[in-house]
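Fit chains B, C and D to the known structure of chain A by using the hints.
Letter by letter, the chains look like this.
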Amino acid sequence: MVGSASAGQRAEDTFPKILLSNGKVFGSRTAFREKDRGIWQSWTWSEVLDEIRAFSIGLQSLGLKPKDKIAIVGANRPRLYWSMVAAQALGAVPVPVYSDSVAEEMAYVLGHAEVRFAVVEDQEQVDKLLSMGDEVPSLEHLIYDDPRGLRDYQQDHLHFFDTVQAIGRKQLSENSGLEAEWVNGFSGYQGSDIAVMLYTSGTTGRPKGVMLSFDNLVISARNGNAFDNLDETEEVLAYLPMAWIGDHVFSLAQAFTAGYCVNCPESMDTIDTDRLEIAPTYFFAPPRVYENLLTRIMVQMEDAGKLKKKMFDYFMGVARKVGENILNGEQVSFGDRLLYNIGEFCVYGPLKNRMGLTRLKVGYTAGEAIGPEIFQFFRSLGLNLKQLYGQTEASVYITLQPDGEIYGDTVGKPAPDVEIKIADNGEVMYRSPGVFVGYFKNDEATASTKTPDGWVHTGDAGIIADNGHLKIIDRAKDVGKLNDGALFAPKYIENKLKFFPNIKEAVAFGHERDMVTVFINIDLTSVGSWAERNNVNYASYQELASNPEVYAMIESHVDQVNRDLAGEPMMAGAQIKRFLVLHKELDADDGELTRTQKVRRSFIADRYAPLIEALYDGSTSKHVRTEVTFEDGRKGAIEATVEIRDMKTYEPGAGFQEAAE
Amino acid sequence: MNALVSEKELSPAAAGAPAAGEELLRVDNVSLSFGGVKAITNISFDILEGEIRAIIGPNGAGKTSMLNVINGFYHPQEGTITWQGKVRRKMKPYEAASNGIARTFQNVALFKGMTTLDNIMSGRSLKMHKNFFWQMLWRGPAEAEEIEHRKKVEDIIDFLEIQAIRKTPVGRLPYGLQKRVELGRALAMEPDLLLLDEPMAGMNLEEKEDMSRFIIDVNQEFGTTIALIEHDMGVVMDLSDRVVVLDYGKKIADGPPEEVQASQAVIDAYLGVSH
Amino acid sequence: MFYREAGQFKTSYQADQALMPIRQDRIGLAAILLIAFVAIPFFANDFFLTSIMIPFLVFSLAAIGLNVLTGFCGQLSLGTGAFMGVGAYAAYKLTTIFPDANVILMVLLSGVFSAGVGAIFGLPSLRIKGLYLAVTTLAAQFFLEWCFIRIGWLYNYNASGAIEIPHREAFGVVVSGAESSPLVRYFIVLTITVGIAMLMANVLRGRIGRSWMMIRDMDIAAELMGIRPLQTKLLAFAVSSYICGVAGAMMVFFWLNAAEPSSYSIQLSFQVLFMVILGGLGSLAGAFMGAAFIWILPVFLKFIPGVLGFDVAAEAVEHVTFMIVGALIIFFLIVEPHGFARLWQIGKQKLRVWPFPY
Amino acid sequence: MLYDIFIDPFVQMYQMPDFFLQVLWEGFVAGILYALIALGFVLIFKASGVFNFAQGIMVVFAGLTLVGLHENGVPAYLALLLTIGVMGVLAYSVERVVMRPLVNQPDIILLMATIGLTYFLIGFGEFVFGGEPKQMITQELGLPTGSTAFEFGERGLVILQHIDIAAAVIAVIMVASLGIFFNKTRIGRALRAVADDHQAALSVGISLNQIWAIVWFAAGLVALATGIMWGARSDVSFALEIVAFKALPVLILGGFTSIPGAIVGGLIIGFGEKIGELYWGGLVGGGIESWLAYIIALIFLLFRPQGLFGEKIIERV
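Residue numbers (this note's numbering), protein chains in the order written: chain A, 1 to 661; chain B, 1001 to 1275; chain C, 2001 to 2358; chain D, 3001 to 3317.
So here's chain A without its partners, still in its complex pose (with noise of 0.2 angstroms):
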């Protein structure tokens, strides 16, 4: 029963019935590995079934009962995920939980969660556990995975996983009846049932509860298998947290789906070397991960001997000439080609090998944005690597990258079944299956977030580029308005135009006001270079600024960014009216950028009132003296008459007709 159909379109609608059904389908292929011991130790989806059922049934005579919550605590462990299953088979509700937070955040959740049950890995959990009792009152049982260290615990109320599991097994073999009776008390719930609770670690306040129903998590994760074509020949490593959607997705809701097999490293200290021996087709990792990777590349090469060195960066040279080209399957010369295949041989292949991606099929990265070098480096080694943009309340997938449709700045097309909207606000909606039932126990926080009518807000502000592709832009809160109405996203618009070497920094204005304006710094170095080029003389930041050759360049930068923005309809009515290039450097010694340089958008704007009141009372320039700190730490002021230009700008949609054209 191979290929992917017998996986994707059966119709169960739990992941007990699909565990059901893969010890049919699937019995003997491997569902579950784990390094232990010095070996992969592997079981197959039929022994997969044996272990769930002895155990379910052990929690049901502990007396787990429906609805009750089992927290889930320890690093990825086969018999934690199974013990999901187990639980959801009873009509119970796994919550798992960060297991290296802090003690009292843990104990909010599970205090909040009102877990009865708790499996966990090892001492050190049960410790933590243990040490939280009163903070805890609802929690009855407590189960550990290894028995290492606790021989000596007396509590009557610790059991240990294969103990549970002994109480399962017996009554199996002494009640024949018992099987069925478990499979018709799991057959009763359907899809639309709570499958499991994860808290997201909000930003701010409390971690909330979110409840995924077996629908959400079902159905999206035969979206996410066919989107990807996955099927049971898939092997993946699961590394991150499990109370983690990511992980909760991709190492059991898409493997219990697609039937796929799932990887536990041994340890944390050994994560290379057994990707290196899984070789996972299927990978998922947060962008640091493969920044990771990156860095360790380039730093070990850096102690190779020179030849090799040379032989290194001439092959990634021509990686990045063609390698992502030829991954998007398009025209490259046959001369290139030959050399890419020498260098497939050479390094490529090599590389690949060294980080265990030889077979990956698909790989994604998602949680931040990835820098574009980063991203690019693994694509033209010919890793498929994407983006994809997700969150708890979505059961992960929003938005995806087709294959062949890989574009730096954005983050995909919607991914099956999911439907996207920009709010008025600018801020990013969607509606799909996967949508999560609601934060536990806290209605108010449900309703601000998920409409009645099923959409949700990300509280990411976006725009849909006109390749269907999604742009994240921006946080929602920091999108304002112009008076007209308009949309107006200033980190957009500052990064549109700092994409230009000429141009350093951007500050643009126009919430609440009638148009949108700016203030710029020219890049001293790619502009000094330009100006030594065309000599043209300078003495100072100041003098160069305001050098009307450099103005006109500026000027043609701007006009460029509001032809695009003309060619966005939802950013086509904030174009740039009126710039001025600022007579000084903002400079993080003045206050005007923070530390990690990033500008000070309200302070900057009291700094220069007069020159913002200048850029919408009309004026052509604007004399203006400012306080600064010299490199000694002098204080000193500059007096600079500052010229304000106006900008046309352009009809929506005209710089599309223009790309059209």
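Hints listed in this document are in silico derivations from the structure and should not be mistaken for laboratory results. Treat the hints with care, as some may be off.
With a straight-line cut-off of 25 angstroms between C-alpha atoms, the simulated BS3-like cross-links for lysine-lysine are [said to hold, decoys possible]:
1) B:K1090 with B:K1038
2) B:K1152 with B:K1112
3) A:K361 with C:K2348
4) C:K2010 with B:K1152
5) C:K2129 with B:K1167
6) C:K2348 with B:K1112
7) B:K1151 with C:K2010
8) A:K504 with A:K441
9) A:K441 with A:K65
10) B:K1130 with B:K1151
11) A:K309 with C:K2350
12) A:K308 with C:K2350
13) A:K481 with A:K598
14) B:K1090 with C:K2129
15) A:K471 with A:K421
16) A:K309 with C:K2348
17) A:K310 with A:K481
18) C:K2350 with A:K306
19) A:K310 with C:K2350
Relative to the frame of chain A, chains B, C and D by itself:
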């Protein structure tokens, strides 16, 4: 060392318990000398089942020689050693080993040419019996036996948390880890009595705490009796149930840590008061 | 570079403890065996077989034998030549006593005798270590050599004092004696050498091999872990001598056809010792590499002058070869005291972590 | 049979005391020469821990060079000087090319290196002087020839070869001078320092390299002397190399680092071997010299592993 204390408190069952066991080994007025040089003079003490027994004393007090006598490497000119009730005459080191006495060494004595895994496997030698013929064929009995013992060894590797260095040649390991591997090798023998010769020599505080934890766990999880030589007083006081103090090859004190610590003779010995 | 280990994971201890856990290695070995068993017989001429391949294999086996003792058990021996001799003479006597018995069997049997002799001369190893032991093993060398000369019974009182291998058939083909075909001999030698090598590989990775290495690396610790030094060392001596004995027997039966005591002189001991040292102590693969180097290099050198086209007196070439070999030995000892096996290890590691330096 | 082994030989000794004396003398001379070769080993082992297998071939090489030079018309004494020079060069280059790069390698590697050296010297010697045996230029060097016969008892004769006497004398002189060299001279003391502890030696400010060169040179001289003696008794050929192996049991007896040990051991082996050969050898078909020495040494060693003059080893853990 608080970590240790808490460790002990964690499991009330273990704390005082071991001392209750009955006599495992007794040394009766043993004396040892090399060509006239007296290393040990007329020393007697006992080791009880399940306890952690510390042997301490200034350098050259004859601690290591004492261990060497216990596991048959040196043969005392006078005195007897009673092991598990049987009075022991001259005995070869490998006989001691097969009698259930294992040890580690002051300066690590691992098999440099082998990996961590093989070193610990070597501890199983006594328990493996498949003959040369089966070894040649490998497939079948020999392999089965190998695997059976590999499982045991893997438990030890897991217990000592050295998975990451399983297949690294021990020569390349940092000192602290080598000591840990050596402990693993001794554990693999599943001894009744485990002799540790300065298990924490040359370790930093963190490594010491780890090692102490392991020693306590060994004592509690496997109920192994442990006799250890150690310089770090703090460690000794936290770990051991009873302490013997040697000085210039003579026994100058014997008893529970607190008591020994208080004894004037001991204080003098450590402050190097002339005799 | 050629090693692509991603995706090679072990789900059982059998797989994890396999002789060659890495797929690429297995492929490599298979290729070599294929060449040895198919390609060479198919293409090679008699000269190549008789003066290169057969001796090479014989010496490889001898080197394996000595390696067991010196490389794995750490006992230095200079008596190899004599132990090989014991094998040779034993086989010779066996086949004269049982003319109809399968001579290959006799050859394999002869090792038992050298094993016995080896064990006896191994006795001092209990009390004597290192170079002292090495010197005492010379006793075996000279005593046995003397026996080969003085005890006429050993060579059936031939006037020549040498042993001439009689014509023998096995499985219906002539396997020994002047008129046996090189190809047949090659196959016999190859099979025996490869077979024993494989069996030893198994012994060495198991309990017994470990006990030897324990003695080698730290005999005191080994003893304190329950290893009985005498038994272990004697076993090493016996096994080593058995293998050397078989090699010695093959040397005369399937290569030289005739041998006199001087064939098994101390020079032979040195030759084999060189193969072991240059090949790499404690490595079976090294034994083969060392044998190839020490045996094939001189053969190869002899041809150089001819190739370069100027005629030099044969003995002059002989002498120069001696010098060059001696010099090269010193050179390689300086370059890599751990031998070719280590060089190969280093190279392999580089290929595994390619393009990284470590 | 038992009679032949345990009674007859002693009867013979009693009946023919002159022959017995003769044997003893033979044994003495042989022993002296073994001692000389052993001395070569000891010198080098003491100073550098190298077991110099090439010592034997150095004997042959020295002899060959001497004779070879003379054959090519070089006056004897000049040839002698030149040979000494050659040994010097050899010592220097060995130190430079072999010893220095291999410092701190395990014994067996160094041993191998010296065997490699042996190969090289054999090849070189034969290449230059040809393989065939040569006559030692005894008279030319002014060494005594001929022999004196002593009346002994009523009918017995004991014949002493003059060259043997010379050998004994020279040997004694060499040992004596070496003794003085070691105990009285600065370098000599340095050598002993090195033998005891390399660090110490360095701290005294002596370069190991110099020392090694010197000991190899000293060993070379000893080899030359030995070469001349043996050459005079038989002739100079590579067969002499075997003699070197005879010297090894001497080392086991005397210990690798003890000069007196080398001498005493040499004599024991010398006597034992001759007596054994002449009184018992016949029983087993003769020629037992080749191994008797080893068996003697081996049996001896089983009872005293540290050799004659070594002190007891206490193993530590």
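key: Unsatisfied constraints (hint numbers, rising)   = 3, 5, 8, 17
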